[in-house]
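Chains as they are written, first to last, in this note's numbering: chain A, 1 to 113; chain B, 1 to 115.
A few of these clues could be false.
Claimed, not checked - Result set (DSSO-like, lysine-lysine): computed pairs, CA atoms no more than 30 angstroms apart in a straight line: (1) A:Lys-83 with A:Lys-57; (2) B:Lys-69 with B:Lys-58; (3) A:Lys-78 with B:Lys-69; (4) B:Lys-58 with A:Lys-42; (5) B:Lys-69 with A:Lys-57; (6) B:Lys-69 with A:Lys-83; (7) B:Lys-58 with A:Lys-78; (8) A:Lys-42 with A:Lys-83; (9) B:Lys-49 with B:Lys-69; (10) A:Lys-78 with A:Lys-42; (11) A:Lys-78 with A:Lys-57; (12) A:Lys-42 with A:Lys-57.
Said to hold, decoys possible - Just the calculated beta-carbon pair ranges, DEER-fashion: (13) A:Arg-80 with B:Glu-95: 45 to 53 angstroms; (14) A:Thr-113 with B:Gln-10: 41 to 49 angstroms; (15) B:Lys-58 with A:Gln-14: 45 to 53 angstroms; (16) B:Thr-112 with A:Thr-113: 46 to 54 angstroms; (17) B:Ser-3 with A:Gln-11: 25 to 33 angstroms; (18) A:Arg-80 with B:Ser-3: 42 to 50 angstroms; (19) A:Gln-14 with B:His-82: 29 to 37 angstroms; (20) B:Gln-45 with A:Lys-83: 28 to 36 angstroms; (21) B:Glu-16 with A:Gly-40: 24 to 32 angstroms.
To be verified - Output of the computed footprint for chain B on chain A, the stretches with three or more beta carbons under 8 angstroms from beta carbons of chain B: (22) 43 to 52; (23) 66 to 79.
What the hints contain is simulated information worked out from the structure, not anything from laboratory work.
Built from N, CA and C at the ideal position, the CB exists for glycine as well.
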Amino acid sequence: EPEVTQTPSHQVTQMGQEVILRCVPISNHLYFYWYRQILGQKVEFLVSFYNNEISEKSEIFDDQFSVERPDGSNFTLKIRSTKLEDSAMYFCASNHRGSYEQYFGPGTRLTVT
Amino acid sequence: AQSVTQLDSQVPVFEEAPVELRCNYSSSVSVYLFWYVQYPNQGLQLLLKYLSGSTLVKGINGFEAEFNKSQTSFHLRKPSVHISDTAEYFCAVSEGGFGNEKLTFGTGTRLTIIP
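Input sequences plus hints: build the corresponding full structure.
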């Protein structure tokens with residue numbers, strides 16, 4: 001069964017450093033998302049992406065965040081200058097046209113020290 | 001703006017007993033409703049979804065949920081739980097949008113099965 005994959009599973013970085021989280025959505029999916037889950041809190045929407053542009057973004061998704069689909073398979077989330085409060089589990093998700101079921105990856109745990 | 005409330009943060013249940021996990025939502029438009037499960041150290045897996053039609057929807061692993069528009073609820077039920085059902089359960093809502101619409105999640109309910 002096809003699945004969404006994410007790398008790395010765990011990333012530790014120092015405050016102020018740039019990080020790139022990578023996702024490979026399911027191959028025939030057209031809509032892509034990033035969510036995050038701070039430890040002990042709920043899953044929060046960050047951004048949605050379709051046709052090589054952002055469809056919607058939350059208040060969390062400020063100028064420090066960016067997303068990109070550099071080729072036909074990868075979907076990346078970049079944080080330019082990480083802060084302690086960026087420490088969280090980041091989930092990538094995707095769905096295909098006509099479906100409201102989003103498939104989630106296993107997540108990347110980002111720890112900012 | 002849409003929102004989801006899961007009143008129970010933790011629910012302990014004896015094995016083979018029934019369980020109900022509560023979810024209430026708020027939205028100014030018609031919604032699509034979902035339950036996701038998160039097993040320890042894993043991602044989110046869809047249990048079931050309500051898009052339209054019958055208000056009683058059945059999902060994987062013996063779970064079902066009932067959409068109640070007047071009470072704005074979408075409670076999850078299982079008649080007999082198993083140890084393997086121990087996990088975090090998240091209710092989520094989407095206001096639709098041709099397959100490109102954010103999910104708004106509740107705070108989750110941790111279901112613990114007692115042997």
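Going through the hints against the structure:
1. Between A:Lys-83 and A:Lys-57, the direct Cα distance comes to roughly 19 angstroms. Compliance with the 30 angstroms bound is thereby established for this hinted pair.
2. For a cut-off of 30 angstroms, the pair hint linking B:Lys-69 to B:Lys-58 stands: about 17 angstroms separates their Cα positions.
3. Taken as a hint, the A:Lys-78 and B:Lys-69 pair is broken in the structure, with Cα atoms around 40 angstroms apart against an allowance of 30 angstroms.
4. Our distance criterion of 30 angstroms between C-alpha atoms is met by B:Lys-58 and A:Lys-42, whose separation comes to about 24 angstroms.
5. Restraint check for B:Lys-69 and A:Lys-57: the C-alpha separation of about 28 angstroms stays at or below 30 angstroms, so the hint holds.
6. Restraint check for B:Lys-69 and A:Lys-83: not satisfied, since their Cα atoms lie roughly 41 angstroms apart, outside the 30 angstroms limit.
7. At roughly 38 angstroms between alpha-carbon atoms, B:Lys-58 and A:Lys-78 are farther apart than 30 angstroms, so this suggested pair is violated.
8. About 19 angstroms separates the Cα atoms of A:Lys-42 and A:Lys-83, which keeps this hinted pair within 30 angstroms; it holds.
9. Straight-line distance between C-alpha atoms of B:Lys-49 and B:Lys-69 comes to about 15 angstroms, which keeps the hinted pair within the 30 angstroms bound.
10. Between A:Lys-78 and A:Lys-42, the direct Cα distance comes to roughly 21 angstroms. Compliance with the 30 angstroms bound is thereby established for this hinted pair.
11. Distance restraint check for A:Lys-78 and A:Lys-57: the Cα-Cα separation of roughly 14 angstroms lies within the 30 angstroms cut-off, and the hinted pair is therefore satisfied.
12. Distance hint between A:Lys-42 and A:Lys-57 is fulfilled; the C-alpha atoms sit about 17 angstroms from each other, no more than 30 angstroms.
13. Checked against the given bound of 45 to 53 angstroms, the beta carbons of A:Arg-80 and B:Glu-95, roughly 31 angstroms apart, lie outside it.
14. Between A:Thr-113 and B:Gln-10 the beta carbon distance is about 30 angstroms. The supplied range of 41 to 49 angstroms is therefore violated.
15. The supplied range of 45 to 53 angstroms is met by B:Lys-58 and A:Gln-14, whose beta-carbon atoms lie about 48 angstroms from each other.
16. The hinted range of 46 to 54 angstroms is not satisfied by B:Thr-112 and A:Thr-113, whose Cβ atoms lie roughly 32 angstroms apart.
17. For the pair B:Ser-3 and A:Gln-11, the beta carbons lie near 31 angstroms from each other, so the given range of 25 to 33 angstroms is met.
18. About 30 angstroms separates the C-beta atoms of A:Arg-80 and B:Ser-3, a value inconsistent with the hinted range of 42 to 50 angstroms.
19. A beta carbon spacing of about 44 angstroms between A:Gln-14 and B:His-82 contradicts the range 29 to 37 angstroms that was offered as a hint.
20. For the pair B:Gln-45 and A:Lys-83, the supplied restraint of 28 to 36 angstroms holds, since their beta-carbon distance comes to about 30 angstroms.
21. For B:Glu-16 and A:Gly-40, the hinted distance range of 24 to 32 angstroms is satisfied, since their beta carbons lie about 30 angstroms from each other.
22. By the rule of at least three residues with a Cβ nearer than 8 angstroms to a Cβ of chain B, the coverage given for the region 43 to 52 of chain A holds, with 5 such residues.
23. Under a criterion of three residues with beta carbons nearer than 8 angstroms to beta carbons of chain B, the stated coverage of the region 66 to 79 of chain A fails, only 0 such residues being counted.
Figure legend: structure checked against the earlier numbered hints; hints not met, in rising order: 3, 6, 7, 13, 14, 16, 18, 19, 23.
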